[in-house]
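Participant: Just remember that our numbering sits 103 ahead of the position in the sequence shown, which is counted from 1.
It should be emphasised that the hints constitute simulated quantities derived from the structure, not laboratory data.
Because the structure is a prediction, the values reported are computed rather than measured.
Heads up, the beta-carbon is just placed ideally off N, CA and C, and yes, glycines get one too.
It is possible that part of the hints are untrue.
To be verified - Okay, the calculated beta carbon distance ranges per label pair: (1) P131 x R291: 11 to 21 Å; (2) R298 x G193: 48 to 58 Å; (3) W137 x T264: 40 to 50 Å; (4) T164 x R291: 19 to 29 Å; (5) S191 x I127: 37 to 47 Å; (6) G136 x A332: 28 to 38 Å; (7) T414 x G193: 30 to 40 Å; (8) L324 x E301: 30 to 40 Å; (9) V185 x R298: 47 to 57 Å; (10) T164 x F422: 38 to 48 Å; (11) T140 x E301: 30 to 40 Å; (12) V185 x R129: 19 to 29 Å.
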Amino acid sequence: MSDVIGLVLPFFGLIFMGFVVARITRQPLEALGWMNTFIIYVALPALFFQLLAKTPIERLTEWSYIFGAVFSTYTVFSIMFVASVVLSRGEIAGSTIKGLAAAYGNIGYMGPGLALLAFGPEAAVPVALIFCFENIMHFVMAPLMMALSGGEKTPPLQLATGVAKKILLHPFIIATAVGVAAAAVEFRPPLPIERFLEYLSSAAAPCALFAMGVTLALRPLKRVPRELAPIAALKLIVHPLICYVVLSWVGNFSEIWVFSAVLLAGLPTATNVFVIAQQYGVWVERASASVLITTCLSVGTVTALLYAITTGMLPPDLFP
Numbered sequence: 104m105s106d107v108i109g110l111v112l113p114f115f116g117l118i119f120m121g122f123v124v125a126r127i128t129r130q131p132l133e134a135l136g137w138m139n140t141f142i143i144y145v146a147l148p149a150l151f152f153q154l155l156a157k158t159p160i161e162r163l164t165e166w167s168y169i170f171g172a173v174f175s176t177y178t179v180f181s182i183m184f185v186a187s188v189v190l191s192r193g194e195i196a197g198s199t200i201k202g203l204a205a206a207y208g209n210i211g212y213m214g215p216g217l218a219l220l221a222f223g224p225e226a227a228v229p230v231a232l233i234f235c236f237e238n239i240m241h242f243v244m245a246p247l248m249m250a251l252s253g254g255e256k257t258p259p260l261q262l263a264t265g266v267a268k269k270i271l272l273h274p275f276i277i278a279t280a281v282g283v284a285a286a287a288v289e290f291r292p293p294l295p296i297e298r299f300l301e302y303l304s305s306a307a308a309p310c311a312l313f314a315m316g317v318t319l320a321l322r323p324l325k326r327v328p329r330e331l332a333p334i335a336a337l338k339l340i341v342h343p344l345i346c347y348v349v350l351s352w353v354g355n356f357s358e359i360w361v362f363s364a365v366l367l368a369g370l371p372t373a374t375n376v377f378v379i380a381q382q383y384g385v386w387v388e389r390a391s392a393s394v395l396i397t398t399c400l401s402v403g404t405v406t407a408l409l410y411a412i413t414t415g416m417l418p419p420d421l422f423p
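With these hints in hand, go ahead and build the complete structure from the sequences.
Facilitator: Following this line, the structure appears as structure tokens:
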């Protein structure tokens, strides 16, 4: 157990430190803008590129693995979405945000840092693949469902162009594509550039986790949704369980790849769910509450999941 605590303490400690510092200094949320820009546009892309460029190209085309991870996420989304549509008698916009709250994990800020800390550099490839393909699906799903609900007034061509831009110009996805291309041609940057990338990469996880703590502190809990219990259960328990079963069923992957996907599936609701809710003016305060409360609960659930993995309670393959 001490090994697991040693893994999660620095990780959640950085989130807690950001939370406490934000409460003490009382800076506005807008003051976090440049740090978020550094994380999203510089540090995490450098990390993804550096690790992917060193990976043999054949390991970057595990389509059954990608399918298994994305299928698991959208199974959870569908469960929450359908249940909400039935109970709300056809309300699509709010049900979409609830579905995303149950399925869209914090795989950008929390995923790389925790997976690399727990499983080492080999976890970088599955984390990057899951991040890219799940985010492509999220970028498509949110505007599509809002258009179906009638809340999206953008013309179809303009909507499709906007979605394509979000996908093609996202810094993480660009960095992943460049990293895959570098791996394909076995390109290695000159030593000074390599050292510069290492320097940027080492800042990615600490800055992202600190910024997440600050964000949580500056978004006060105003309204707890009654749907929070099923959202938290789906996100923190059901999602990793489904991911584990599906990946064990569809392929014979290395244990680090399986456990990386399961760990990412067990992460709390992403702050992007709040951003999407705010963009469309739907379920905003309750989306914020979902992010805050699932993050707090994940201290226990993620610790328990890592304990099950590191002690061998969770075998690497359910169907050996």
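Participant: Against this structure, judge whether each hint is valid.
Facilitator: Cross-check of the supplied hints:
| no. | hint | result |
| --- | --- | --- |
| 1 | P131 x R291: 11 to 21 Å | violated, 43 Å |
| 2 | R298 x G193: 48 to 58 Å | holds, 57 Å |
| 3 | W137 x T264: 40 to 50 Å | violated, 29 Å |
| 4 | T164 x R291: 19 to 29 Å | holds, 21 Å |
| 5 | S191 x I127: 37 to 47 Å | holds, 41 Å |
| 6 | G136 x A332: 28 to 38 Å | holds, 34 Å |
| 7 | T414 x G193: 30 to 40 Å | violated, 46 Å |
| 8 | L324 x E301: 30 to 40 Å | holds, 39 Å |
| 9 | V185 x R298: 47 to 57 Å | holds, 51 Å |
| 10 | T164 x F422: 38 to 48 Å | violated, 23 Å |
| 11 | T140 x E301: 30 to 40 Å | violated, 21 Å |
| 12 | V185 x R129: 19 to 29 Å | violated, 43 Å |
The structure is inconsistent with the numbered hints 1, 3, 7, 10, 11 and 12, although it conforms to all the rest.
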